[in-house]
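Novice: Chain residues, written in single-letter form:
4 protein chains.
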Amino acid sequence: MAGSTFGDSFRVMTWGESHGKGIGVVVDGCPAGLPLSRTDIQALLDRRRPGQSRFTTQRDEADEVEIVSGIFEGRTTGTPISLEVRNTDQRSKDYSAIKDVYRPGHADMTFDAKYGFRDYRGGGRSSGRETIGRVAAGAIALKLLGSLGIRICAYTKSVGPITVDPERFDLKKMWENRLYMPDEQAAGEAGAYLEEAMARKDSVGGVAECMIFGLPAGVGEPVFDKLDACLAKAILSIGGVKAFEIGDGLQAAKAFGSGNNDPFRLDENGQVHKETNHAGGILGGISDGAPVIFRAAIKPTPSIASVQKTVTRDGREQELEIKGRHDPIIVPRAVVVVEAMAALTVADLLLRGMTSRMEWIHKIYGGPYEDRDGE
Amino acid sequence: MAGSTFGDSFRVMTWGESHGKGIGVVVDGCPAGLPLSRTDIQALLDRRRPGQSRFTTQRDEADEVEIVSGIFEGRTTGTPISLEVRNTDQRSKDYSAIKDVYRPGHADMTFDAKYGFRDYRGGGRSSGRETIGRVAAGAIALKLLGSLGIRICAYTKSVGPITVDPERFDLKKMWENRLYMPDEQAAGEAGAYLEEAMARKDSVGGVAECMIFGLPAGVGEPVFDKLDACLAKAILSIGGVKAFEIGDGLQAAKAFGSGNNDPFRLDENGQVHKETNHAGGILGGISDGAPVIFRAAIKPTPSIASVQKTVTRDGREQELEIKGRHDPIIVPRAVVVVEAMAALTVADLLLRGMTSRMEWIHKIYGGPYEDRDGE
Amino acid sequence: MAGSTFGDSFRVMTWGESHGKGIGVVVDGCPAGLPLSRTDIQALLDRRRPGQSRFTTQRDEADEVEIVSGIFEGRTTGTPISLEVRNTDQRSKDYSAIKDVYRPGHADMTFDAKYGFRDYRGGGRSSGRETIGRVAAGAIALKLLGSLGIRICAYTKSVGPITVDPERFDLKKMWENRLYMPDEQAAGEAGAYLEEAMARKDSVGGVAECMIFGLPAGVGEPVFDKLDACLAKAILSIGGVKAFEIGDGLQAAKAFGSGNNDPFRLDENGQVHKETNHAGGILGGISDGAPVIFRAAIKPTPSIASVQKTVTRDGREQELEIKGRHDPIIVPRAVVVVEAMAALTVADLLLRGMTSRMEWIHKIYGGPYEDRDGE
Amino acid sequence: MAGSTFGDSFRVMTWGESHGKGIGVVVDGCPAGLPLSRTDIQALLDRRRPGQSRFTTQRDEADEVEIVSGIFEGRTTGTPISLEVRNTDQRSKDYSAIKDVYRPGHADMTFDAKYGFRDYRGGGRSSGRETIGRVAAGAIALKLLGSLGIRICAYTKSVGPITVDPERFDLKKMWENRLYMPDEQAAGEAGAYLEEAMARKDSVGGVAECMIFGLPAGVGEPVFDKLDACLAKAILSIGGVKAFEIGDGLQAAKAFGSGNNDPFRLDENGQVHKETNHAGGILGGISDGAPVIFRAAIKPTPSIASVQKTVTRDGREQELEIKGRHDPIIVPRAVVVVEAMAALTVADLLLRGMTSRMEWIHKIYGGPYEDRDGE
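Residue numbers (this note's numbering), protein chains in the order written: chain A, 5 to 379; chain B, 5 to 379; chain C, 5 to 379; chain D, 5 to 379.
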């Protein structure tokens, strides 16, 4: 049973390979009546496009999305929305160098182990290019969430050892540097750090952080489909992610209960709120009304230009030197993917949560009516 | 759409509340012919049972499991296996103190937000007692995996700031202390640390680590149901878990590609293996044949005896003093739950993976036959 | 991947065998706040209970249901509802006569082919007793539907060649005969017909019909989870059902379009309605507001007392004489199962349909808010 | 939760509207290593293409399929296969005549009731053109089944009152007439019958029958996902189908048990077989090794040229005269859709069934190994 489907109520199925004809996604379950244009989707795709700075691969593709179904007169119809991006830079290269070689840190070996063979061109289905489908679908989810007053924002929190300083944290700044760091000074240092690594033919890891604002309390499905559990799966499903933290994350393991619990108070309107947010906006797997905050630790790009030891699929040891230009860090291009996956997760759980209470059922379908004579 | 179902091919549905009549689980999809006895399940349940040391709650229940269906003449029949544990210590207490109060760090407020009301007795469905169903089902998954030569082992890696020393690491030692720490000295220090916190009416967080041995390469379903993604969801769905790391986890974010990539080599039998295991046994979301290693960071027990600020469901601020004896740390009792969830995840993906290749289909059903005249 | 789960939003998992410890079901996804008592469920179960007339098996069990979880203070909590009925008449009989024999018309041979062996006691999981779980869960669905003003009623339409006369059709009459036929005269003739068959050690087939009143227009999920498609699956999943018809059913195949189309008109309130209902209340897989009407053709009871030719599992031909008393017809006891399966199907699709429109999302979660600055 | 997904292990998601840009499907879960070419798919699509005879609509489109992903070097890779057919004849017509009118027998009214509005061009998503995705995916399933020695064949069994004579039944003949009737004489009479109806501006219903040969015993998942239940859903999900019969179908309701039971015997090789096949190849929801035989009753084409009474979406009564040329009968073009849906159902259940037995698990993954020390 294959795994290219995500979500239940807001469900997406992605398809496509790095050097096939294209990449796409079908969204099944987007409610009818959402205003949606090609621009809504292209805008998000443009943020993950390669070739935009010296820190991203030079593959130069416009990644233009086409909406092939599901929209009529500017609104979603409730039927499947098919989106596709045709590959335009997949010129037939000479793949003989990597055809039979297992690149370290890549999925070459494991795809062979699972399927018996693989599309070796540019990583095939395991390429980062696969995330185009996620981002395209995520743009629809973000539009839906926006109409409910929910905003999602992801950014680069750290590049190697260089981290955004909480005192200098300014979300607007993330749009001013290609690393998407909301701290100008850290971005500068990180750039220099990356240049150095690139000069050594090496790559660097980092951390993306994501915030969800405006999510009402009550979203998430205990006991297995908790909001944090679903987010963790969504984020770990992105290539290269090695850790997921919600709220205080790892620090919670070193804390005391007295410091980690968030005290409840009433705000000026008499509404329940939490004085602190160590929990990251989720209690018992259900949103608590505070901002949801999580982080993803992402490994260094596995494609590096320096010589590596490896083996071939027919069992010979060999040295490998990966040609071409690769992103020296995954994080800046991954932030928009993190945002997309968070949006898909939250949209799905919001729709699923509509069946939580009889009073909501009655709001849609009428009733309750007296059930005088039982069954 | 509710969330008490886990898994697709090896699917479980859990039910039950802390102070209802009992807790249980139905396992739908366990293959026919697996030898299984009540003892297989009870043995695992006994490891999560309360009242076993000064570091666990005094609720004293035998938690005896009954197999109600699905087994015939000592083997699974392929039909649903229903397991249940009746609650015996749910004497009708006076809940008036917590009935209307939102305990900080608990799901009281969020359950109300989601469902409109809640079973407040002992946390109801959000109680840690819910994990009985997971452990009971996990015992079946472990039995299945054992017959394939796959072993899973979880233990306490750290208690607050006290961590197992890699040099003293000895798995056998974990059975000699009630904290399940595979390092005698660390266990001693951790015990003292806990005593101190308890004296201050406080609680402590920690980290559980889990290893999966013998898993063949090729397990996991790109692109969304990757092995690490599914494990992350499984582990984050356990109450109190705030972070998940696979392999080097957070450290990978600070590493260079040259150091983080695991070089492939041939072993003495000519088999591909990795010289290191920074990846934690997973590449591209598929097992690579090396041990799978992951960690869960778990917050301090939210139930603490010291006075806390909170509010009531009808909007009054109030101070709360939680009575009774509670575990000062969740981790030691959670390790068996981590093991169970890992087993459920791996069993499900192993079964799902059987359809990955035509040659495996033919192994079961015969063929391939020439398809002379096509469709 | 096993098949004991039904439904997505209103999801049930059934378990249990004829001669095991019991039969049960877990309902995951019933919205919170539905008033529900043990009596609601027992009342429906009593209608499928054996031993109530000369036309049903003499197995005499009270089939008392226990609600083990999911209800608090008389209402559903939104968490899983576990229901179970313990078997009380499963005394250890001598099964040596049928242990190795494949009873014609039964699933003995196919269970062996699928699972490699089977629980042969009383048919094990393939026994009609399995439907207890369906009926128990169906009672909850009926209660939910009742609160929305939706009623479901199934009855025996024909016994062998004897059919209810439309001119004498009177739903109230079905409660006055044990065959649940809404036509006194037909019931009398059918009784005589059955007596005759029983005297010949034979059994008889028949047809159940079901009506769903009050279902609003708009329920059903094109293109695969259409209301009629889901009903067909639900009904064919009941043991012994060999055909499903919606509306005019088979007759539609002989009709002309001019006669089969239902003309739309306005009623006195200016509401759209159909002058006729050949479609059976469903157009394009979605309810159209007219009553939903469908039929299930059910085969004769396969357990007959006369001598039959068969084989054993180890490959010997043998004659078989099935001992004991069996229902001479399945239909009258199946009607309540048909009702239950219809209720489970409709409840699930109603809940699923809540996400069809943005305006319904906004009714629950607020908005729409202007999305001024796009993504 | 939308319904454009079918299948679990062999899962398809279809998309597209009659007069949008195109129609397509993504197949997620086809095992790796199946030889597959564009021709395999186009050949099946050509059979459902319009404009091929005087009994089909004149919409003249080549319906050329493109394989956009999932195939490498002539074989499936195990990753999603995206197929699409671009619409070429969807010239912008004047839809003002039907834009606001509810066509009797169509889904116009119910789509409005469900989604609040609809794509009215040519029926949008509810058009028969939607089945292109089913047929394209079905071609892959048929190829997979063919490699296992399983064949599926559907044909027209009756047109209005004219039925294939069992004595003249000859499968080869179905390829010689455009009605796909395996009886030359019946085909001739049916043609005349259709001409007459067309002259009266009317349409005709009929019955499609389908046979599945070579299916091994043991396929189907009790208790809800029985083979016949899944087939029933698959077939009823095709637009216009009003009844489903397996084996003797409705006739079983009139039979006696002694006549309806299929006696088991041993064949010349000592294998169990059934002397008759009233059951239609399925016992207890599991294939029994005999050919699976089922029928679908299909209503007359709802689009007829004669004047009909109807209403508009804004509540006015109106007469409707549907322009243009429409198929006078659905059945001949539906047979290939029936075949496709049967193939998708059987492929899915075959893959799902691989996890039924521990011995099959061990065949793929090795073992069983002794489980010496507990779990």
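Simulated from the structure, these hints should not be mistaken for lab results. Among the hints, erroneous ones may be present.
Chain C stretches covered by chain B per the calculated footprint, using a threshold of three residues with CB under 8 Å from any CB of chain B [claimed, not checked]:
#1 11-22
#2 114-121
#3 196-209
Distance condition first, Cα-Cα at most 25 Å in a straight line; then the derived BS3-like pairs of lysine-lysine [stated by the list, open to error]:
#4 K327(A) to K103(A)
#5 K367(B) to K367(D)
#6 K25(C) to K25(B)
#7 K103(A) to K205(A)
#8 K367(D) to K25(A)
#9 K103(A) to K313(A)
#10 K327(D) to K313(D)
#11 K327(C) to K205(C)
#12 K367(A) to K367(C)
Covered stretches of chain B (in silico footprint by chain A; criterion: 3 or more residues with CB under 8 Å from a CB of chain A, positions within the stretch not fixed) [stated by the list, open to error]:
#13 6-14
#14 31-39
#15 100-114
#16 188-200
#17 220-226
#18 354-362
From the three backbone atoms N, C-alpha and C, an ideal C-beta is built for every residue, glycine too.
Novice: Hint by hint, say whether it matches the structure.
Specialist: Results of checking the hints against the structure:
1. 11-22: The restraint on the stretch 11-22 of chain C holds, since 8 of its residues have a Cβ under 8 Å from chain B and three suffice.
2. 114-121: Holds: 4 residues of the stretch 114-121 of chain C have a Cβ under 8 Å from chain B.
3. 196-209: violated (count 0)
4. K327(A) to K103(A): Holds, because 13 Å separates the two Cα atoms, which is no more than 25 Å.
5. K367(B) to K367(D): holds (8 Å)
6. K25(C) to K25(B): With Cα atoms ~18 Å apart, K25(C) and K25(B) stay inside 25 Å; holds.
7. K103(A) to K205(A): Holds, because 22 Å separates the two Cα atoms, which is no more than 25 Å.
8. K367(D) to K25(A): Judged against 25 Å, a Cα distance of about 37 Å means the pair is violated.
9. K103(A) to K313(A): holds (16 Å)
10. K327(D) to K313(D): holds (15 Å)
11. K327(C) to K205(C): holds (11 Å)
12. K367(A) to K367(C): holds (8 Å)
13. 6-14: That given contact holds, which follows from 7 residues of the stretch 6-14 of chain B lying within Cβ reach (below 8 Å) of chain A.
14. 31-39: That given contact is violated, which follows from only 0 residues of the stretch 31-39 of chain B lying within Cβ reach (below 8 Å) of chain A.
15. 100-114: Contact hint for the stretch 100-114 of chain B vs chain A: holds, 7 residues under 8 Å.
16. 188-200: violated (count 0)
17. 220-226: holds (count 7)
18. 354-362: holds (count 5)
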